[in-house]
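J.: The listed protein sequences derive, respectively, from chains A and B.
Reading the first sequence from the start, the letters are residues 0 to 74 in numbering that gives the first Met the number 0.
Reading the second sequence from the start, the letters are residues 0 to 192 in numbering that gives the first Met the number 0.
Fair warning: there could be bad hints in the mix.
[Said to hold, decoys possible] Below, a list of computed lysine-lysine pairs in the DSS-like style, where the Cα atoms sit at most 25 Å apart:
1) B:Lys-191 x A:Lys-67
2) B:Lys-191 x A:Lys-63
3) A:Lys-41 x A:Lys-68
4) B:Lys-72 x A:Lys-68
5) B:Lys-72 x A:Lys-42
6) B:Lys-141 x A:Lys-16
7) A:Lys-12 x B:Lys-137
8) B:Lys-141 x A:Lys-68
9) A:Lys-16 x B:Lys-191
10) A:Lys-67 x B:Lys-72
11) A:Lys-12 x B:Lys-141
12) B:Lys-141 x A:Lys-34
13) A:Lys-41 x B:Lys-52
14) A:Lys-41 x B:Lys-161
15) B:Lys-52 x A:Lys-63
16) A:Lys-12 x B:Lys-72
17) A:Lys-42 x B:Lys-137
18) B:Lys-81 x A:Lys-41
19) B:Lys-81 x B:Lys-58
20) A:Lys-68 x B:Lys-191
21) B:Lys-74 x B:Lys-52
22) B:Lys-161 x A:Lys-12
Don't read these hints as lab results, they were simulated from the structure.
For reference, the chains in residue letters:
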Amino acid sequence: MISCDEAAIICNKTQYKEATFWERLKLRFHLFMCKTCSAFTKKNTQLTTLCQRANLQALSENEKAQMKKRLEERL
Amino acid sequence: MIATKNSMTAHQLQPDTWVDVYADYLFNYAVTRVSDSEIAKDLVQETFLAGLKSAKNYKGSAAERTWLIAILKRKIIDYYRKINSKKGKAEVRIGYSSSSESEGDWLEEQVADPFSLQENDAVENEELGMAIQSCIAKLPKKQSLVFTMKTVQGISTEDICKELGINPSNLWVMVHRARTALMGCLNENWFKI
Chain A
0 MISCDEAAII CNKTQYKEAT FWERLKLRFH LFMCKTCSAF TKKNTQLTTL CQRANLQALS
60 ENEKAQMKKR LEERL
Chain B
0 MIATKNSMTA HQLQPDTWVD VYADYLFNYA VTRVSDSEIA KDLVQETFLA GLKSAKNYKG
60 SAAERTWLIA ILKRKIIDYY RKINSKKGKA EVRIGYSSSS ESEGDWLEEQ VADPFSLQEN
120 DAVENEELGM AIQSCIAKLP KKQSLVFTMK TVQGISTEDI CKELGINPSN LWVMVHRART
180 ALMGCLNENW FKI
């Protein structure tokens with residue numbers, strides 16, 4: 000039996016499809032018994048769906064560093 | 000720091016934090032409007048520079064972010080003016096369809112479907128994007144960085160660890176904290192409206 004902390008970490012990994020088969024199995028088993036983690040997993044999965052739907056974009060750290068440099072020249 | 004002290008609640012400008020706090024937010028706003036990330040990036044940069052230039056005119060009545068978005072809107076309008084000023088003026092298009100096969104078809108076919116939710120989806124998804132982005136901006140710097148690299152840019156765990164000099168368990172703890180904070184923030188700012 001895994002702890003809720005471990006379950007949360009595995010749940011996060013599944014959001015990025017990085018949990019191994021055994022981890023997923025352990026998580027399933029834990030969720031079967033634990034209401035709190037089931038609720039967390041549901042919310043967490045919902046967050047993933049929202050992020051995908053929103054089609055988020057981000058500038059890379061490099062691009063931001065360049066922006067900062069340009070801005071600092073004028074400060 | 001450029002301070003305007005009208006009242007206790009007056010907002011202040013902190014240009015040294017602009018890039019970290021608002022760059023992605025403004026970038027998302029711009030990219031949905033010009034649909035070209037290079038141009039969107041330039042517009043964000045111009046917005047920051049213009050903001051700096053006119054910082055002395057900032058009255059402190061609007062929040063910093065609202066003020067920057069207002070500048071960005073002007074920049075986007077200017078951009079479209081510029082690309083439309085030369086070309087397209089002599090061109091007059093008659094007919095509603097560009098393909099010649101459908102020539103002679105009736106306009107009724109193209110009337111908007113009043114029951115379609117597709118257009119609403121696009122608007123709602125953009126608002127959702129801005130809501131998520133402003134929640135990400137509230138996270139501690141390291142968490143927002145890890146979350147953005149992992150979720151938005153889709154960089155692999157291994158590469159993020161290498162770049163930031165952390166180990167995978169550090170990374171997952173940060174992802175966990177970021178996601179928990181985001182769930183709470185979206186609960187307040189997205190689901191309750």
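J.: None of the hints should be skipped; say for each whether it holds.
T.: Hints versus structure:
Between the alpha carbons of Lys-191 (chain B) and Lys-67 (chain A) the distance comes to roughly 35 Å, so the proposed pair goes past 25 Å and is violated. A hinted pair counts as satisfied when its Cα atoms are at most 25 Å apart, and Lys-191 (chain B) with Lys-63 (chain A) does not qualify at roughly 32 Å. Annotation: proposed proximity of Lys-41 (chain A) to Lys-68 (chain A) is violated, straight-line Cα distance about 42 Å (limit 25 Å). Proximity of Lys-72 (chain B) to Lys-68 (chain A) is assessed by CA-CA distance (about 23 Å); at most 25 Å being required, the pair is judged to hold.
Of the supplied pair hints, the one linking Lys-72 (chain B) and Lys-42 (chain A) is violated, its CA atoms being roughly 34 Å apart against a limit of 25 Å. Taking the CA atoms of Lys-141 (chain B) and Lys-16 (chain A), the gap is about 22 Å. The hint holds against a cut of 25 Å. At roughly 23 Å between alpha-carbon atoms, Lys-12 (chain A) and Lys-137 (chain B) fall within 25 Å of each other, so this suggested pair holds. For the given pair, Lys-141 (chain B) sits about 20 Å from Lys-68 (chain A) by alpha-carbon distance, which is consistent with the 25 Å threshold.
Taken as a hint, the Lys-16 (chain A) and Lys-191 (chain B) pair is broken in the structure, with Cα atoms around 29 Å apart against an allowance of 25 Å. With a CA separation close to 21 Å, the supplied pair Lys-67 (chain A) and Lys-72 (chain B) stays within the 25 Å bound. At most 25 Å may separate the alpha-carbon atoms for a hinted pair to count; Lys-12 (chain A) and Lys-141 (chain B) meet this at roughly 19 Å. A threshold of 25 Å between alpha carbons decides the hint, and for Lys-141 (chain B) with Lys-34 (chain A) the separation of about 31 Å lies outside it, so the pair is violated.
Simply put, Lys-41 (chain A) and Lys-52 (chain B) have alpha-carbon atoms about 47 Å apart, too far for the 25 Å limit, and the pair is violated. With a C-alpha separation of about 31 Å, the suggested pairing of Lys-41 (chain A) with Lys-161 (chain B) is violated against the 25 Å cut-off. With a C-alpha separation of about 19 Å, the suggested pair Lys-52 (chain B) and Lys-63 (chain A) falls inside the 25 Å cut-off, and the hint holds. About 38 Å separates the Cα atoms of Lys-12 (chain A) and Lys-72 (chain B), which puts this hinted pair outside 25 Å; it is violated.
Annotation: proposed proximity of Lys-42 (chain A) to Lys-137 (chain B) holds, straight-line Cα distance about 19 Å (limit 25 Å). Between Lys-81 (chain B) and Lys-41 (chain A), the direct Cα distance comes to roughly 48 Å. Violation of the 25 Å bound is thereby established for this hinted pair. At most 25 Å may separate the alpha-carbon atoms for a hinted pair to count; Lys-81 (chain B) and Lys-58 (chain B) exceed this at roughly 29 Å. Restraint check: the Cα-Cα separation between Lys-68 (chain A) and Lys-191 (chain B) comes to about 39 Å, which exceeds 25 Å; the hinted pair is violated.
A hinted pair counts as satisfied when its Cα atoms are at most 25 Å apart, and Lys-74 (chain B) with Lys-52 (chain B) qualifies at roughly 14 Å. Between Lys-161 (chain B) and Lys-12 (chain A) the CA atoms are separated by roughly 18 Å; this keeps the pair inside 25 Å, and the hint holds.
In summary, the numbered hints that this structure violates are 1, 2, 3, 5, 9, 12, 13, 14, 16, 18, 19, 20.
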